[in-house]
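**Q** So the sequence lines, in the order shown, correspond to chains Z and R.
The first sequence begins at 0 in numbering that gives the first Met the number 0 and counts up one residue at a time.
The second sequence begins at 0 in numbering that gives the first Met the number 0 and counts up one residue at a time.
It should be emphasised that the hints constitute simulated quantities derived from the structure, not laboratory data.
Each hint should be verified, as a subset may be incorrect.
Some chain R residues well away from chain Z (every beta-carbon gap over 10 angstroms; in silico) [to be verified]: (1) W53; (2) A170; (3) W187; (4) V191.
Restraint ranges, calculated between C-beta atoms of paired labels, are given here [what the hints assert, rightly or not]: (5) A200(R) x R81(Z): 37 to 43 angstroms; (6) P66(Z) x G230(R): 28 to 34 angstroms; (7) A200(R) x G101(Z): 21 to 27 angstroms; (8) G148(R) x L15(Z): 31 to 37 angstroms; (9) V11(Z) x A122(R): 16 to 22 angstroms; (10) S48(R) x A73(Z): 34 to 40 angstroms; (11) V250(R) x R81(Z): 21 to 27 angstroms; (12) P116(R) x L31(Z): 42 to 48 angstroms; (13) L246(R) x V35(Z): 24 to 30 angstroms.
We treat Cβ as the ideally placed atom computed from N, Cα and C, and that holds for glycine.
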Amino acid sequence: MADVLSLDPLVVGVILAMTVVTVVAKVGGIWLVRHVEVSERLQAGLDVLPGAIVIAVLGPELAAGGPAEWGATALVLAVMWRTESIILALVTGVVAVVSLRGLF
Amino acid sequence: MARNFDSDDPSAQASESSNGGNSDATAASDDNPTDSSTTATTPVPDGESVTFGWDGLRAGFLACLPVAVGVGGYGVAFGVLANQAGLSLAEAALMSMTVFAGASQIIAVELWADPLPIAAIVATTFAVNVRYALMGAALQSWFRHLSPGKIYSSLVLMADENWALSMQELASGSRRGSFLLGSGVALWLCWVASTVLGVLAGESVGDPAQYGVDFILAAVFVALAVELWDGRSTLVPWLVALATSVLAANVLSGQWYIPLGGFAAAVVEVVRHDG
Chain Z
0 MADVLSLDPL
10 VVGVILAMTV
20 VTVVAKVGGI
30 WLVRHVEVSE
40 RLQAGLDVLP
50 GAIVIAVLGP
60 ELAAGGPAEW
70 GATALVLAVM
80 WRTESIILAL
90 VTGVVAVVSL
100 RGLF
Chain R
0 MARNFDSDDP
10 SAQASESSNG
20 GNSDATAASD
30 DNPTDSSTTA
40 TTPVPDGESV
50 TFGWDGLRAG
60 FLACLPVAVG
70 VGGYGVAFGV
80 LANQAGLSLA
90 EAALMSMTVF
100 AGASQIIAVE
110 LWADPLPIAA
120 IVATTFAVNV
130 RYALMGAALQ
140 SWFRHLSPGK
150 IYSSLVLMAD
160 ENWALSMQEL
170 ASGSRRGSFL
180 LGSGVALWLC
190 WVASTVLGVL
200 AGESVGDPAQ
210 YGVDFILAAV
220 FVALAVELWD
230 GRSTLVPWLV
240 ALATSVLAAN
250 VLSGQWYIPL
260 GGFAAAVVEV
270 VRHDG
């Protein structure tokens, strides 16, 4: 069990390098925005970012999915649209995708 | 550092029409009277009233717990993969504690080999995580009046899931700026704990897909899209993001399609804004 706690210096170095580039990615965007003059036009562009990124995550994922994922997505969409309850929408999605995967 | 927050700040206009926060009227009359639909902003452009207290921290933590437990399924998977790749328990746990970015960690341990392909691992990690730059920037309209310490500590604990939940929280009109940090703490605890569990469980874990856990992230994003839909002005940038991301996902490796989709939509919106 001794090797459970072993920390190879090279491995730790790689992990720290991964940490550095990840932190740069996580804080870099807002750092840039906060230190560069933001014009009204740029603000308009930034304002569409959240929705656009959500769509950019979803698009290829759904394109790669099948009928089970598409059906579950439609159900999540419907439940969220009607109830605006994220918990209800999530539970619906997971139950739906498991059931539909059993069918297809 | 806080020097130039106020000079460029559109919230001065937004606070004139304080409740509901639609600054279109004032913004459009200045320089763009012909096309006010393109100046539609996110529902809460007024970052001034965003708070950062225990209330939001607690709310974020509790709201994210169910999602965090689901993410734990991936954490277990990561632990198993890390174990198979030859990382020790301490090394896998250290990676989850410090890197804290699931997809990039799973891809990294898949690249793991002897000798370690260090450059490839670090470069891939950055490519997978560069989307966080745009996700973080997207929070600026709410976070602009918070102190750098609060913003950056929140962002270090930002992951897809709690970013999505926080966007939903803030887009629906909440002013609780510490929601991201609170939800991040919940995710971080579950991520580290489930990593340890996964390493210990070794190879005896089944496929997380059979419990539908893999669909949780997609479901969170669908719910978020409903929340962020802002009428017809949203349609063009979203179609641009959709087309760009699907195309890019087919052509490029990694997760470049996410920043590219967001970037393309933002560029189109900046161009449209001019008229």
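**Q** All the hints need checking, so say for each whether the structure fits it.
**A** Taking the hints in turn, this is what the structure says about them:
1. W53: Fine: 22 angstroms to the nearest Cβ keeps W53(R) off the interface.
2. A170: Incorrect as stated: the minimum Cβ-Cβ distance to chain Z is 7 angstroms, not above 10 angstroms.
3. W187: 13 angstroms, holds
4. V191: At roughly 13 angstroms from the nearest Cβ of chain Z, V191(R) sits farther out than 10 angstroms, so the non-interface label holds.
5. A200(R) x R81(Z): 37 to 43 angstroms: Check passed, 39 angstroms falls within 37 to 43 angstroms.
6. P66(Z) x G230(R): 28 to 34 angstroms: 30 angstroms, holds
7. A200(R) x G101(Z): 21 to 27 angstroms: Holds: the Cβ-Cβ distance is about 26 angstroms, inside 21 to 27 angstroms.
8. G148(R) x L15(Z): 31 to 37 angstroms: Given range 31 to 37 angstroms: violated, Cβ gap about 22 angstroms.
9. V11(Z) x A122(R): 16 to 22 angstroms: Cβ of V11(Z) to Cβ of A122(R): about 19 angstroms, so the range 16 to 22 angstroms holds.
10. S48(R) x A73(Z): 34 to 40 angstroms: 36 angstroms, holds
11. V250(R) x R81(Z): 21 to 27 angstroms: Given a distance of about 37 angstroms, which is not inside 21 to 27 angstroms, the answer is violated.
12. P116(R) x L31(Z): 42 to 48 angstroms: Once the Cβ atoms are compared, 30 angstroms apart, the range 42 to 48 angstroms for L31(Z) and P116(R) is violated.
13. L246(R) x V35(Z): 24 to 30 angstroms: Given range 24 to 30 angstroms: holds, Cβ gap about 29 angstroms.
The structure fails to meet hints 2, 8, 11 and 12 from the earlier list, while all remaining hints are met.
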